[in-house]
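Engineer: As a plain string of letters, each chain reads:
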Amino acid sequence: MKNLRLKSARAAMDLSQQELANKVGVSRQTISAIEKGDYNPTINLCIAICHTVNKTLNDLFWEEPIE
Amino acid sequence: MEYNLGFLAGGILAAIIGVIFIYILRKYTRTDNATKCKYDERQQLVHGIGFKYGFFTFIFYNIAAATLISLRKKQYIDHAALMLIGIFISTFVYAAFCIWKEGYFSLNENPKRVVVTFAAIALLNFGIGWLSYLRGLMFENGMLTSHCVNFLCGILIILLFPVMAAKHISKQKEEEE
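Listed in order, the protein sequences are those of chains W and F. Just so you know, the first sequence maps onto residues 0 to 66 in numbering that gives the first Met the number 0. Just so you know, the second sequence maps onto residues 0 to 176 in numbering that gives the first Met the number 0.
To be clear, the hints were calculated from the coordinates, so they are not data collected in a lab. We treat Cβ as the ideally placed atom computed from N, Cα and C, and that holds for glycine. Treat the hints with care, since some could be wrong.
Among the chain F residues that face chain W by a calculated CB cut under 7 Å, a handful are [as the list claims (entries may be wrong)]:
{"no.": "1", "residue": "K35"}
{"no.": "2", "residue": "D39"}
{"no.": "3", "residue": "E40"}
{"no.": "4", "residue": "L106"}
Please model the complete structure; the sequences and the hints are all you need to start from.
Structural biologist: This is the structure in structure tokens:
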């Protein structure tokens, strides 16, 4: 599932994928894979991303269970 | 005694040249002065999966090679060369998978410079392989010998270029979308 919330939070901070990747210490392709839903990041990377874009884990990564 | 000393001196000299060569290569390909390649967590995961595919390729190759050896009376490849071919095929599977999944180039490497270095290493290996061929070491009694190692290394690197090119094109298409 695509992570559009991360994409919009990044855009709101006016950060490119490469800039966000540099700030959290990963490759641009990893950020791209997270946004496309191709890769589930570890909790450490989730926290680093949240700190960078000033969001909480709930804001970016929590998904309500589908009933 | 003199032969042993000469052999030892040659070995030490080769090791020193090797260390200098690796140092220069690292300086050339890295974007920082770090001695180690830095990979992020997704890239490390890709390496693990790639290694698994490479490992199983090697297992299946060995089973196939052993079966063929037992079935054929005349052998065209000696055992060392047969083993080397298996190592190169499985290394290719590992490297190609990592390149395709964008886990091959580390965070502190300049991919263009790595490709240039690869091309230089491939040429060097083809050169040494050609010398082995001219000296008649590559084939003995109609059998491919372990002296084909340089030639195989050159082929392995050359085969990685189309994978890199295909990945580059698919990435560009993806960015355009």
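Engineer: Could you run down the list of hints and mark each one as holding or not?
Structural biologist: Here's how the hints hold up against the structure:
1. K35: At 14 Å from the nearest chain W Cβ, K35/F fails the 7 Å test, so the hint is violated.
2. D39: Holds - the Cβ of D39/F comes within 7 Å of chain W, reaching about 4 Å at its closest.
3. E40: Holds, because the Cβ-Cβ distance from E40/F to chain W comes to roughly 6 Å (cut-off 7 Å).
4. L106: At 6 Å from the nearest chain W Cβ, L106/F passes the 7 Å test, so the hint holds.
Comparing the model with each earlier hint shows a violation of hint 1 alone; every other hint is respected.
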